[in-house]
Amino acid sequence: MTEQNTTTIPGLTWYGSGQSALHGDLLERFRQIDLMFVRIAESFRATDIALPPLISVHQLQKIDYFSSFPHLFTAAVALDPEEANLRLFKATAGESSNGLQLTELAPVTEVLVPAACYPLYIHIQGTEVAPSAIFTTRANCFRREKEYVPLKRQWGFTMREIICIGSETEVRAFLDSSRSMLNRLFAKLSLDVSWEQATDPFFDPGTNPRYVMQRVDPVKFEMIRSGLSIGSVNFHRQYFGEAFKIEHDGGPAFSGCVAFGLERWLWALLDQFGSDLHRWPDLSAEVVV
Amino acid sequence: MSDVLLIRETLRSWITERSRKSLPSPLLDDTALIEQGILSSVQVMDVILLIERMRNRPVEVDELKPGSFRDINSIVRTFFQGEA
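Protein sequence lines, in the order shown, are assigned to chains E and W.
According to numbering that gives the first Met the number 0, the first sequence is numbered sequentially starting from 0.
According to numbering that gives the first Met the number 0, the second sequence is numbered sequentially starting from 0.
In case anyone wonders, no lab produced these hints; they're calculated from the structure.
Watch out, some of these pointers could steer you wrong.
[What the hints assert, rightly or not] Sample of chain E residues at the chain W side, in silico, Cβ under 10 Å: (1) L53; (2) V56; (3) Q58; (4) Q60; (5) K61; (6) D199; (7) F202; (8) T206; (9) Q237.
[Unchecked claim] No more than 30 Å apart at the CA atoms, straight line, and that leaves these computed lysine-lysine pairs for DSS-like: (10) K20(W) - K151(E); (11) K89(E) - K20(W); (12) K20(W) - K244(E); (13) K187(E) - K20(W); (14) K145(E) - K20(W); (15) K64(W) - K145(E); (16) K64(W) - K89(E).
[Unchecked claim] Partial list, computed: chain W residues near chain E (C-beta under 10 Å): (17) L22; (18) P25; (19) E34; (20) L38; (21) S39; (22) S40; (23) Q42; (24) M44; (25) V60; (26) P65; (27) S67; (28) I71; (29) V75; (30) F79; (31) G81.
Every residue, glycine too, gets a C-beta built ideally from N, C-alpha and C.
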């Protein structure tokens, strides 16, 4: 049985499985945080797009996701639909106290989305993006972790992303401009956040070419508060353009994204301004402009 | 040929042979290797193996700093300081 605990923070209920529920004024703040980022996206005239929560294993294999992040993914498993298998499951389900006892499984063809921008590259693969395009999307993302902490490190969490696809110059300009807007936002909110060079959390990093490349050619900068990343700015070069055959100007498109962990932003604001939400700064979308 | 010239020549010909891009000839010691897409991430791993063979000792992860593979000059400066 999943344990649920009302925390000392009004409006936050923590589930032992690494998930949380938000309600009341805290939920309202959560929505306002997201709207600040939507406002940033709107300033780039981004196309808003809602994408599916399951992502194809076959597609993720194109970016070597499973060898790079075997520790993070959560598979969408289902039982083999053969009737005898279902009957066997029905007869034994609920007998184990240590999770669900599964019988024969159907092939695993999908996993739960681990990052909001991946489904976008898949959605536009095989197309030419001309002129450059900016998108925004929000997703419930899932990443397995060794331990979970309310808002700071969750199995299920919410990510807002703004993604630019086009030429190298355009993508770099988008990332620079985003960073400037965020610096102004940090200042307006009086939120103490610093930028730090980072790498993705690769499994067995020393043997992974992408990890080595990220060390020698920094492409990821995180927004850090008290050692925790609450968001990041990422330059992918032509990595996704090549993997998903997204073309721009006669070659693989460049891409870059700005990502926000919405629960972590909530934590950062709670950390700095406390759980009396009336003492928080104005989070209306206008604060961004 | 001095050690440092040999190192540079070995790196230059290795990269020229294996790059997926058609390269300006000759490849200069200050040609931006990653910036211009001359070296892919997999090829950077191969260059690391080449460096390990050339200097006869492993490359530690801590040695991999931003800019280490910017160009041939940077590779020589980062990994062959004693030799160069």
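Hints, one by one, checked against the model:
1. Interface restraint check: L53(E) against chain W, minimum CB-CB distance 28 Å, threshold 10 Å, status violated.
2. Hint status for V56(E): violated, given a least beta-carbon distance of 22 Å to chain W, over 10 Å.
3. With a cut of 10 Å, the hint placing Q58(E) at the interface with chain W is violated, because the nearest CB-to-CB distance is about 20 Å.
4. For the restraint placing Q60(E) at the interface with chain W, the shortest Cβ-Cβ distance is roughly 16 Å, beyond the 10 Å limit, so the hint is violated.
5. Below 10 Å, beta-carbon pairs count as interface contacts, and K61(E) has none with chain W, the closest being about 15 Å; its hint is therefore violated.
6. Using the Cβ-Cβ criterion of 10 Å, the hint placing D199(E) at the interface with chain W is not satisfied: the shortest such distance is roughly 12 Å.
7. Interface restraint check for F202(E): the shortest CB-CB distance to chain W comes to about 15 Å, outside 10 Å, so the restraint is violated.
8. Because the closest C-beta pair between T206(E) and chain W is about 8 Å apart, less than 10 Å, the hint holds.
9. Given hint, Q237(E) at the interface with chain W, holds; its Cβ is 7 Å from that chain's nearest Cβ, closer than 10 Å.
10. With a CA separation close to 43 Å, the supplied pair K20(W) and K151(E) exceeds the 30 Å bound.
11. For the suggested pair K89(E) and K20(W), the alpha carbons sit about 58 Å apart, so the restraint of at most 30 Å is broken.
12. Between K20(W) and K244(E) the CA atoms are separated by roughly 18 Å; this keeps the pair inside 30 Å, and the hint holds.
13. At roughly 46 Å between alpha-carbon atoms, K187(E) and K20(W) are farther apart than 30 Å, so this suggested pair is violated.
14. Between the alpha carbons of K145(E) and K20(W) the distance comes to roughly 42 Å, so the proposed pair goes past 30 Å and is violated.
15. Between the alpha carbons of K64(W) and K145(E) the distance comes to roughly 28 Å, so the proposed pair stays at or under 30 Å and holds.
16. Restraint check for K64(W) and K89(E): not satisfied, since their Cα atoms lie roughly 56 Å apart, outside the 30 Å limit.
17. Annotation: L22(W) was flagged as interfacial toward chain E, and the flag is violated, the nearest CB pair being 17 Å apart, outside 10 Å.
18. Hint on P25(W) is violated. Least Cβ distance to chain E is approximately 23 Å, over the 10 Å limit.
19. The criterion of a C-beta within 10 Å of any C-beta in chain E is met by E34(W), whose closest approach is roughly 8 Å, and the hint holds.
20. Here the hint on L38(W) is kept, as its CB sits about 9 Å from the closest CB of chain E, short of 10 Å.
21. The criterion of a C-beta within 10 Å of any C-beta in chain E is met by S39(W), whose closest approach is roughly 8 Å, and the hint holds.
22. With its C-beta approaching chain E no nearer than about 4 Å, S40(W) sits inside the 10 Å limit, and its interface hint holds.
23. Taking 10 Å as the C-beta contact cut-off toward chain E, the hint placing Q42(W) at the interface holds, the least distance being around 8 Å.
24. Interface restraint check: M44(W) against chain E, minimum CB-CB distance 5 Å, threshold 10 Å, status holds.
25. Checking V60(W) against chain E: minimum C-beta separation of about 5 Å stays under 10 Å; hint holds.
26. Hint status for P65(W): holds, given a least beta-carbon distance of 5 Å to chain E, under 10 Å.
27. Interface hint at S67(W): satisfied, since its Cβ lies 5 Å from the closest Cβ of chain E, which is below the 10 Å cut-off.
28. Nearest Cβ of chain E to the Cβ of I71(W): about 14 Å, over the 10 Å cut. The hint is violated.
29. Taking 10 Å as the C-beta cut-off, the interface hint given for V75(W) is violated, the closest approach to chain E being about 15 Å.
30. Annotation: F79(W) was flagged as interfacial toward chain E, and the flag is violated, the nearest CB pair being 16 Å apart, outside 10 Å.
31. Nearest Cβ of chain E to the Cβ of G81(W): about 20 Å, over the 10 Å cut. The hint is violated.
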